[in-house]
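**Q** These protein sequence lines map, in sequence, to chains E and R. Following numbering that gives the first Met the number 0, the numbering of the first sequence begins with 0 at its first residue and continues without gaps. Following numbering that gives the first Met the number 0, the numbering of the second sequence begins with 0 at its first residue and continues without gaps.
Source of the hints: derived by calculation from the structure; they are not laboratory data. Keep in mind it's a predicted model, so treat the numbers as computed, not measured. Treat each hint with caution, since some may be false.
Stated by the list, open to error - To give an idea of the chain E side of the interface with chain R (calculated C-beta under 10 Å), a few residues:
1. I34
2. A39
3. L47
4. I58
5. E60
6. L61
7. T67
8. A79
9. V82
10. F104
What the hints assert, rightly or not - Non-contacting residues of chain R with respect to chain E, defined by C-beta distances greater than 10 Å in every case (computed):
11. K20
12. Y22
13. G37
14. R44
15. P52
16. G54
17. Q61
18. D78
19. A81
20. A83
21. R84
22. R89
Claimed, not checked - Pairwise CB distance ranges, derived in the manner of DEER restraints:
23. R:T19 <-> E:A118: 21 to 27 Å
24. E:V82 <-> R:T25: 31 to 37 Å
25. R:F50 <-> E:R108: 24 to 30 Å
26. R:V26 <-> E:D137: 31 to 37 Å
Glycine included, every Cβ here is placed at the ideal spot set by N, Cα and C.
As a plain string of letters, each chain reads:
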Amino acid sequence: MTAGPPTAGPLLACAQAPYTRSVAAESPEYRLLVIPPDAAGVWVAVCLDPYLVAQGADIDELAHAFATLWTAQVEADRAAGRVPFSRLGPAPAEYHARWDRAAEFFGARGATEWPVRVAVEPASPEPARAPRWHWRLDATAA
Amino acid sequence: MRVPAPHESLRQREFLALLTKGYGVTVEALGTERTPEGVEVGSVRLARAGFDPVGLHYVPEQTMHWITTTFYLHWFGIDPEAFARQVDAR
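Please put together the full structure from these sequences, using the hints given.
**A** Below, the structure written as structure tokens:
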């Protein structure tokens, strides 16, 4: 990885995905392993459960990309009459272990990956209302 | 499982082209917008017979990260090695 030491600023500023489709929260919170840019030049977020992966040129785009993925899945599952995410399994064990390490060592020298929790506000009965996303670090050493 | 190195230079538009031509994946546009920098991005839904559809925040010229590539291949049941050969054959 080529990124410097992690900084919490962008996330603690609560990245808001400017997504306007009508969706409802089916689960209150997700754990995401956020990986700063490497040679590919993009940020990556791996959701541990369900297994979803999004990428973006910066944190805002990453948040937007995750919202796109999440929303499309919720809508597809609903259209099929299924509970959202009910057919998806967890991410590979490697990412769970990396999230745990990131939470333990965030801010330490050489630690670059971010342990993030993403919460979605409870469903709104108002069709036009967009979901609100809240990103926060979950780092015991931060 | 890490997707072989050639994917690390794969643009999103190239990735989708390979999925559509080689694996019957269809792309449905959900909406487009322009970033403050003037880059056009879109929300798309990818579908393949026999698999659930999946969303993608589409930035055509953005490089696919190998973790992202691996995820979509996994989603659609595509063998990474076979996909790598398709990339090489471009």
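**Q** Now look at each hint and say whether the structure bears it out.
**A** Hints versus structure:
For I34 (chain E), the shortest C-beta to C-beta distance to chain R is roughly 7 Å, which falls under 10 Å, so the interface hint holds. Interface restraint check for A39 (chain E): the shortest CB-CB distance to chain R comes to about 5 Å, inside 10 Å, so the restraint holds. Hint status for L47 (chain E) relative to chain R: violated, with the closest Cβ pair at about 13 Å, above 10 Å. The interface hint given for I58 (chain E) is broken, as the beta carbon of that residue sits about 13 Å from the closest beta carbon of chain R, more than 10 Å.
Contact between E60 (chain E) and chain R, as hinted, is supported at the beta carbon level, the nearest pair being about 7 Å apart and thus within 10 Å. A distance limit of 10 Å between C-beta atoms decides the matter here; for L61 (chain E) the minimum to chain R is near 9 Å, and the interface restraint holds. The interface hint given for T67 (chain E) is met, as the beta carbon of that residue sits about 4 Å from the closest beta carbon of chain R, less than 10 Å. Taking 10 Å as the C-beta contact cut-off toward chain R, the hint placing A79 (chain E) at the interface holds, the least distance being around 8 Å.
With 10 Å as the threshold, the beta carbon of V82 (chain E) stays out of range of chain R, its nearest partner Cβ sitting at about 13 Å, so the hint is violated. Below 10 Å, beta-carbon pairs count as interface contacts, and F104 (chain E) has none with chain R, the closest being about 20 Å; its hint is therefore violated. Consistency note on K20 (chain R): stated as away from chain E, and its beta-carbon is indeed over 10 Å from all of that chain's, at 22 Å minimum. Every C-beta of chain E lies more than 10 Å from that of Y22 (chain R), the closest at about 18 Å, which supports listing it as non-interface.
No beta-carbon of chain E is positioned within 10 Å of the beta-carbon of G37 (chain R); the least distance is around 13 Å. With 10 Å as the threshold on Cβ separation, the claim that R44 (chain R) sits away from chain E is violated: the shortest Cβ distance comes to roughly 5 Å. Its beta-carbon lying about 5 Å from the closest one in chain E, P52 (chain R) breaks the requirement of being farther than 10 Å from that chain. With a minimum CB-CB distance of about 3 Å to chain E, G54 (chain R) fails to clear the 10 Å threshold, and the non-interface call is violated.
With a least beta-carbon separation of about 6 Å from chain E, Q61 (chain R) fails to lie farther than 10 Å from that chain, contradicting its non-interface assignment. Chain E leaves D78 (chain R) outside its interface by the beta-carbon criterion, the shortest separation being 16 Å against a cut-off of 10 Å. Residue-level check passed: A81 (chain R) sits 20 Å from the nearest beta carbon of chain E, beyond 10 Å. The Cβ of A83 (chain R) sits about 16 Å from the closest Cβ of chain E, beyond the 10 Å cut-off, so the non-interface label holds.
Consistency note on R84 (chain R): stated as away from chain E, and its beta-carbon is indeed over 10 Å from all of that chain's, at 21 Å minimum. Residue placement check: R89 (chain R) keeps its beta carbon more than 10 Å from all beta carbons of chain E (closest about 18 Å). Between T19 (chain R) and A118 (chain E) the beta carbons are some 35 Å apart, a value that contradicts the proposed interval 21 to 27 Å. Distance hint check for V82 (chain E) and T25 (chain R): the Cβ-Cβ separation is about 25 Å, which falls outside the suggested range of 31 to 37 Å.
Against the hinted window of 24 to 30 Å, the Cβ-Cβ separation of F50 (chain R) and R108 (chain E) comes to about 43 Å, which falls outside the hint. Between V26 (chain R) and D137 (chain E) the beta carbons are some 35 Å apart, a value that agrees with the proposed interval 31 to 37 Å.
Taken one by one, the earlier hints fail for this structure at numbers 3, 4, 9, 10, 14, 15, 16, 17, 23, 24 and 25, listed in ascending order.
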